[in-house]
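Here's the letter readout for the chains.
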Amino acid sequence: MIKIRELNKWFGDLHVLKDVDLDVAEKEVVVVIGASGSGKSTLLRCINFLEFAQKGQIFIDGKETDSRSKKLHLVRMEVGMVFQHFNLFPHRTVMGNVIEGLTQVKKLPREQALGQGRELLEKVGLSDKADVYPAMLSGGQKQRVAIARALAMKPKIMLFDEPTSALDPELVGEVLQVMKNLALEGMTMMVVSHEMGFAREVGDRVIYMDEGRIIEEGLPDELYKNPQHERTKSFLARLL
Amino acid sequence: MLDLPWDFTAIARYFPGFYAAALLTLQITFFGILVGLVLGLVTGLMRLSTFKILNLPAKGYIWVIRGTPLLLQLMIIYYGLIDLVNIDRMPAAIIGLGVHNGAYIAEIFRGAIQSIERGQREAALSLGMTPTQAMIRVVLPQAFKRSVPALGNQFIIALKDSSLASAIAVRELLLRARQMGSSTLMMLEMLMIVGIYYLMMTTVLTLLVGRVEKRLQVSDYRD
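Here the protein sequences come in this chain order: A and B.
Here this note's numbering is used: the first residue of the first sequence is 1, the next is one more, and so on.
Here this note's numbering is used: the first residue of the second sequence is 241, the next is one more, and so on.
Warning: the hint list may mix true and false statements.
[What the hints assert, rightly or not] Cross-link-like lysine-lysine pairs, in silico, DSS-like; alpha carbons within 25 Å at most: (1) Lys385/B to Lys129/A; (2) Lys123/A to Lys154/A; (3) Lys70/A to Lys385/B; (4) Lys154/A to Lys71/A; (5) Lys454/B to Lys129/A; (6) Lys123/A to Lys71/A; (7) Lys156/A to Lys70/A; (8) Lys106/A to Lys129/A; (9) Lys107/A to Lys154/A; (10) Lys129/A to Lys27/A; (11) Lys71/A to Lys292/B; (12) Lys18/A to Lys233/A.
[Claimed, not checked] Short, incomplete list of chain B residues facing chain A, as computed with Cβ under 8 Å: (13) Ser355; (14) Gly359; (15) Leu367; (16) Gln373; (17) Pro381; (18) Arg418; (19) Asp460.
[Claimed, not checked] So these bits of chain A aren't anywhere near chain B, every CB distance computed over 10 Å: (20) Met77; (21) Gly80; (22) Pro90; (23) Ser127.
These are computed hints drawn from the structure, not numbers from a lab.
Glycine residues also receive a C-beta, built at the ideal position from the N, C-alpha and C atoms.
Start from the sequences and build out the full structure, keeping to the hints where you can.
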């Protein structure tokens, strides 16, 4: 589903991604861990071209995309993204947020979009919040709306950039539950997260990044219990 | 009884006689602001563009207009350009006020657009919107809302600045006061009438802006 070859990215002089190679198969759930500054978020943002890598290739569903392409919005339609800080549109209601892409990008008639919107809100358990503005929601509810908004576009893959790190601890569970359901439905997912429980339960593979490189990867249980690399060991030791 | 050289009962007597002039003041202000909003939006967006061909002219316009007095700009449009185009005094006043306010409004919009979190644009793009769609559907509505207080302030300045049109013979409030003052020999009384008119109009405008601000706050309410 995703194939990345020798991806390199610099912010000015800072080399943040170094020869990253990665394959994500269809229906696979890949969890990316690593210290802050390790490049994990940047990697995710390069996949839907919110950041542009200077070198390397990105194939999505077999098609290579050039970051200079004028059709980036078409690629982004197929790649859903959930952000750490939700980034809901504060000037639109919950339903308005969910159907924004359907009416504006897919140009669906409003009635049809509303129908799909209701289904999606039910899926994330927020049917009763359709008409309120995001300011009235808890962090966990906001993130669930953000997931519904991304799902509305029927993406082929979902990217989650630290979806639970801005949440109060008691709200993390409801968001992870929605993500778990999604994984069980067979969604291809790439998740930057340190939620070990989630990784072990639904993750197919965990990738450890350090200083812009993928240092180690493996099955969640193996990587967490028995990391091979020194840096992975010390990172996991600090995490626990 | 104190013997003052003024007759303040004249204020009440002459007050209605300024109605037509007040209407002109309102017209200059209204259309001037309208021109200013359009110019301001276009210039503000140009100013944010990474293309020099858009960004430099916008910078130049703001630099010249903010750096020279409105009175001078009005005189250039009305008297200075006479050999080139003969613009009537009302259109000249409206264009002058509009072009002048456009520069300030451009900076208000630019600041408001820049204050919208980057994540808003990113969320819009990640849904598959084009950069233009993201600007129109997501960034601008929020930026407009954020610019309302500053715009209200600018509108009040524009209303008061419309008095400079008296210098190019528009018979708005201030010119009317000066003419009436000379003919009745009651200069202070006439100027006071005009002062009351301005104060009334700026008060109404302030209240209106306040109501718009309130109405735009619906999406901010928490239970």
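Report task. Compare the distance between the alpha carbons of Lys71/A and Lys292/B with 25 Å, and conclude whether the hinted pair is satisfied. Result -> holds (24 Å)
Report task. Let me know if the C-beta of Leu367/B comes in closer than 8 Å to any C-beta of chain A, holds or violated. Result -> Check passed: Cβ of Leu367/B comes within 4 Å of chain A, closer than 8 Å.
Requested in this report: Decide if the proposed pair is consistent with the structure: Lys454/B and Lys129/A, CA atoms, cutoff 25 Å inclusive.
Outcome: The hint holds at about 23 Å.
Query raised in the report: Are Lys123/A and Lys71/A close enough, with their CA atoms no more than 25 Å apart?
Result: violated (31 Å)
Report task. With a cut-off of 8 Å on the beta carbons, see whether Asp460/B makes it to chain A. Result -> Nearest chain A Cβ about 5 Å off; hint holds.
Query raised in the report: Under the criterion of a CB-CB separation shorter than 8 Å, is Arg418/B in contact with chain A as hinted?
Result: violated (47 Å)
Report task. Below or equal to 25 Å on CA atoms is what counts here, so check Lys106/A against Lys129/A. Result -> Judged against 25 Å, a Cα distance of about 24 Å means the pair holds.
Query raised in the report: Going straight from one Cα to the other, do Lys107/A and Lys154/A come out at no more than 25 Å?
Result: Roughly 14 Å between the alpha carbons, so the hint for Lys107/A and Lys154/A holds.
Query raised in the report: Looking at Ser127/A again, its CB stays over 10 Å from all of chain B?
Result: For Ser127/A, whose nearest Cβ neighbour in chain B is about 18 Å away, the distance exceeds 10 Å, so it holds.
Requested in this report: Classify the label on Pro90/A as holds or violated, using whether its beta-carbon is more than 10 Å from each beta-carbon of chain B.
Outcome: violated (6 Å)
**Report entry** Cβ separation check - Gly80/A to all of chain B, threshold 10 Å
**Finding:** For Gly80/A, whose nearest Cβ neighbour in chain B is about 7 Å away, the distance does not exceed 10 Å, so it is violated.
Query raised in the report: Does the alpha-carbon distance linking Lys129/A and Lys27/A stay inside the 25 Å limit?
Result: Distance ~30 Å between Lys129/A and Lys27/A Cα, so the pair is violated.
Checked against the numbered hints given earlier, this structure breaks hints 3, 6, 10, 13, 18, 20, 21, 22; the rest are met.
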